[in-house]
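*Asks:* Chain by chain, the residues run as shown.
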Amino acid sequence: MLIDTAQASAQQTADAPAVRVEGVSKSFAGSVALEPISMRIERGEFLTLLGPSGCGKTTLLNLIAGFLEADQGELYIHDKPVTRVPPYQREIGIVFQNYALFPHMSVARNVGYGLRTRGVPKAEAERRVREALALVKLEDFADRRPRQLSGGQQQRVALARALVIRPRVLLLDEPFSALDRNLRAAMQVELREIQTSLGLTTVFVTHDQGEALSMSDRIAVMSRATIRQIGTPSEIYDHPQNHFVASFVGDANMFRATLLEAEGSDARLKLGETEARITSFQTDLPAPGPVTLFVRPEHCHLAEPGTPGTIPATVALSVYQGSHTELHVDCPLAEGGRAMLRVPSRTSVAPGEPLAIGLAESGAAVFGAED
Amino acid sequence: MTKRPFLGWFASPSILIAFGITASVLAIVQYSLRAHVPGSIDPGGFTLANFATLWHVAYGLVFLNSLLLCIWTALFALLIGYPLAYAMVRARSLSLRSAILLISLTPLFLGEIVRTYSWMIVLGNRGFLNSVLLQTGLIERPINLMFTMSGVVIALVHFTLPIVVVMLAAALSHIDRNLERAATSLGAGRIRVFLTVTLPLSIPGVVAATSTAFAWTFSAFATPQMIGGGQVQTISTMVYQVGFASFNFPLAASLSLMGLLFAVAVLAIFNTGMRQLERHGAH
Ligand SMILES: Nc1ncnc2c1ncn2[C@@H]1O[C@H](COP(=O)(O)OP(=O)(O)OP(=O)(O)O)[C@@H](O)[C@H]1O
Ligand SMILES: [Mg+2]
Chain Y
1 MLIDTAQASA QQTADAPAVR VEGVSKSFAG SVALEPISMR IERGEFLTLL GPSGCGKTTL
61 LNLIAGFLEA DQGELYIHDK PVTRVPPYQR EIGIVFQNYA LFPHMSVARN VGYGLRTRGV
121 PKAEAERRVR EALALVKLED FADRRPRQLS GGQQQRVALA RALVIRPRVL LLDEPFSALD
181 RNLRAAMQVE LREIQTSLGL TTVFVTHDQG EALSMSDRIA VMSRATIRQI GTPSEIYDHP
241 QNHFVASFVG DANMFRATLL EAEGSDARLK LGETEARITS FQTDLPAPGP VTLFVRPEHC
301 HLAEPGTPGT IPATVALSVY QGSHTELHVD CPLAEGGRAM LRVPSRTSVA PGEPLAIGLA
361 ESGAAVFGAE D
Chain G
1 MTKRPFLGWF ASPSILIAFG ITASVLAIVQ YSLRAHVPGS IDPGGFTLAN FATLWHVAYG
61 LVFLNSLLLC IWTALFALLI GYPLAYAMVR ARSLSLRSAI LLISLTPLFL GEIVRTYSWM
121 IVLGNRGFLN SVLLQTGLIE RPINLMFTMS GVVIALVHFT LPIVVVMLAA ALSHIDRNLE
181 RAATSLGAGR IRVFLTVTLP LSIPGVVAAT STAFAWTFSA FATPQMIGGG QVQTISTMVY
241 QVGFASFNFP LAASLSLMGL LFAVAVLAIF NTGMRQLERH GAH
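Residue numbers (the working numbering), protein chains in the order written: chain Y, 1 to 371; chain G, 1 to 283.
Keep in mind that the hints were calculated from the coordinates and are not lab data. Every residue, glycine too, gets a C-beta built ideally from N, C-alpha and C. Possibly wrong hints are sitting among the right ones.
Listed next, the stretches of chain G that the computed footprint assigns to chain Y, with coverage defined by at least 3 CB atoms under 8 Å from CB atoms of chain Y [to be verified]:
| # | stretch |
| --- | --- |
| 1 | 147-156 |
| 2 | 171-181 |
With the Cβ distance kept under 8 Å, some of the chain G side facing chain Y (calculated, not the full set) [to be verified]:
| # | residue |
| --- | --- |
| 3 | G39 |
| 4 | S185 |
| 5 | L186 |
| 6 | Q241 |
Taking CB as the label site, the calculated pair distances span [claimed, not checked]:
| # | chain 1 | residue 1 | chain 2 | residue 2 | range |
| --- | --- | --- | --- | --- | --- |
| 7 | Y | R40 | G | R97 | 53 to 63 Å |
| 8 | Y | S234 | G | S98 | 52 to 62 Å |
| 9 | G | T106 | Y | S31 | 28 to 38 Å |
| 10 | G | F194 | Y | E35 | 49 to 59 Å |
| 11 | G | R90 | Y | N182 | 33 to 43 Å |
| 12 | G | G273 | Y | E193 | 30 to 40 Å |
| 13 | Y | R40 | G | F194 | 18 to 28 Å |
| 14 | Y | E124 | G | F270 | 38 to 48 Å |
| 15 | G | A265 | Y | A186 | 45 to 55 Å |
| 16 | G | R90 | Y | S31 | 53 to 63 Å |
| 17 | Y | R127 | G | R90 | 30 to 40 Å |
| 18 | Y | G199 | G | A268 | 40 to 50 Å |
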């Protein structure tokens with residue numbers, strides 16, 4: 001009955017976003033866990049919530065799931081307001097970090113739980129459980145208890161259990177953080193394959209930027225209870241909109257500079273003793289004054305010390321990485337006094353050697369103080 | 001192997017206690033095998049006659065009565081204690097949790113005699129309970145509670161409630177909330193979540209609490225003695241009667257011993273039964 005109405009309304013509004021969040025906020029006993037947030041999650045999209053610990057990722061997920069009640073704002077799933085719909089009627093699949101498998105049930109009973117609550121006939125339920133277990137390659141483990149499985153297998157059971165109910169949205173809260181590196185990589189690929197093949201709308205929480213970049217259609221970078229930027233992985237990596245996103249995702253060099261003048265995306269900056277011209281990827285630049293110049297290491301190169309428009313530094317440490325060498329340099333203009341650039345491995349530089357950091361013509365940005 | 005330097009120190013008191021208990025049990029075993037010399041406190045020679053004496057319907061009924069008392073008490077303590085423990089673990093407000101804990105623990109702070117006297121005042125024919133019921137017109141004649149099984153059960157439920165609540169609360173608080181959330185997200189309403197997740201996972205706590213309530217009731221003496229007033233015979237009151245009214249220590253000793261074995265056997269059967277149920281019930 002529930003499923004029928006869900007499907008009927010799904011057809012009516014086939015182009016509506018899977019999830020729409022409108023001004024939803026949440027505080028706990030006066031401390032703000034989530035500022036008012038608005039966003040859309042499209043059908044079949046894999047959206048990652050990325051951010052440091054305590055920024056409100058789980059809170060947002062729990063609001064979508066219905067485990068928490070929003071202080072204000074409205075939440076829509078398939079264009080129907082669900083803010084006051086209890087979690088057991090939201091048709092949402094959830095995978096928890098600690099798997100949360102029912103320890104007193106076999107794998108098959110775990111996976112079939114959501115079908116039993118929906119009164120799916122026994123034969124059909126058994127078939128769907130088998131299919132779900134096949135999807136996560138655990139057909140042979142149906143009769144085991146969760147504690148008789150490895151961490152990765154338990155994770156896959158949890159995934160199968162969430163998928164078997166054909167949820168409208170799949171939510172995963174740091175699902176792989178308890179797995180070791182190799183297993184983690186394998187599970188990432190597996191989840192992405194399953195998600196794409198089912199066209200499943202997915203919200204994935206992680207604080208691992210590598211995981212976010214490699215898996216997502218879009219990433220919402222969060223900090224301090226708000227979303228700081230939302231975009232495709234390459235938008236987030238190549239065109240961060242603020243200081244936080246730029247430094248949280250990927251390696252970043254940040255230099256203290258003064259913006260002298262700006263015209264469109266072109267900026268003239270004072271960098272210590274020298275002046276430099278850059279073309280920012282930003283469309284609007286901050287007002288002239290003290291700013292932070294952001295450049296990724298791949299947009300920096302080694303230059304002759306003293307070249308105009310370059311930034312002086314001295315080598316502190318060179319780290320051989322096979323394909324390239326990472327040069328960590330002491331640089332008075334850099335935030336934290338350190339910058340990093342990647343040079344071909346055959347370049348030989350000794351610690352203490354003075355050098356200069358040259359900037360590529362593109363790939364840089366300037367952030368004002370409030371960013 | 002890690003060194004645990006204080007293990008010996010910490011274990012020594014328990015060794016002392018174990019020694020004391022073993023010694024007293026051995027003393028009782030020894031007494032139970034001696035003949036009763038009427039008119040004398042000192043026992044006679046070795047014999048099995050005491051156990052033969054116990055092989056009698058009258059004693060069998062006392063055992064049965066004790067068992068019934070334990071079952072009723074454990075059952076009601078569980079029925080009242082479970083919701084209390086659940087509320088205590090799940091209540092959002094700290095003051096409500098503390099209040100429940102404090103109220104359910106009060107019986108522990110009252111001595112056994114004080115507690116039992118209080119119940120006598122409440123349960124008597126002109127006691128608090130009957131007065132209130134009569135006054136409100138709910139009953140026309142006082143209900144007999146003193147000197148009845150029901151009265152004893154009421155007082156014993158009060159006595160065992162603290163331990164039942166505490167043990168159930170411990171078990172409930174160890175259940176991962178995410179399990180209930182997972183069940184909810186899979187479409188289970190509150191009642192279904194409780195019946196399929198919370199309750200089954202709290203069974204070990206239920207077993208432990210029931211066993212303890214059972215053992216406490218089995219060994220209770222003052223309550224059945226004073227509230228039962230000789231009308232409700234249990235193994236404990238029987239031991240007292242045989243030992244200190246008839247001064248037949250050997251028979252009292254063998255009665256104690258059989259009582260102990262009986263309690264152990266009942267608990268063993270109960271635990272095995274529950275474990276079977278757990279294994280096959282929810283699989
Ligand atoms: N039930 C709660 N009661 C009080 N404060 C809470 C509660 N849940 C979360 N918070 C607070 O809200 C903020 C956001 O928490 P949240 O769990 O959403 O963070 P998170 O981004 O998921 O972090 P992590 O990566 O560590 O899981 C934190 O400051 C946290 O202390
Ligand atoms: Mg979290």
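*Asks:* Which earlier hints can't be squared with this structure?
*Replies:* 1, 3, 6, 7, 10, 12, 13, 16, 18
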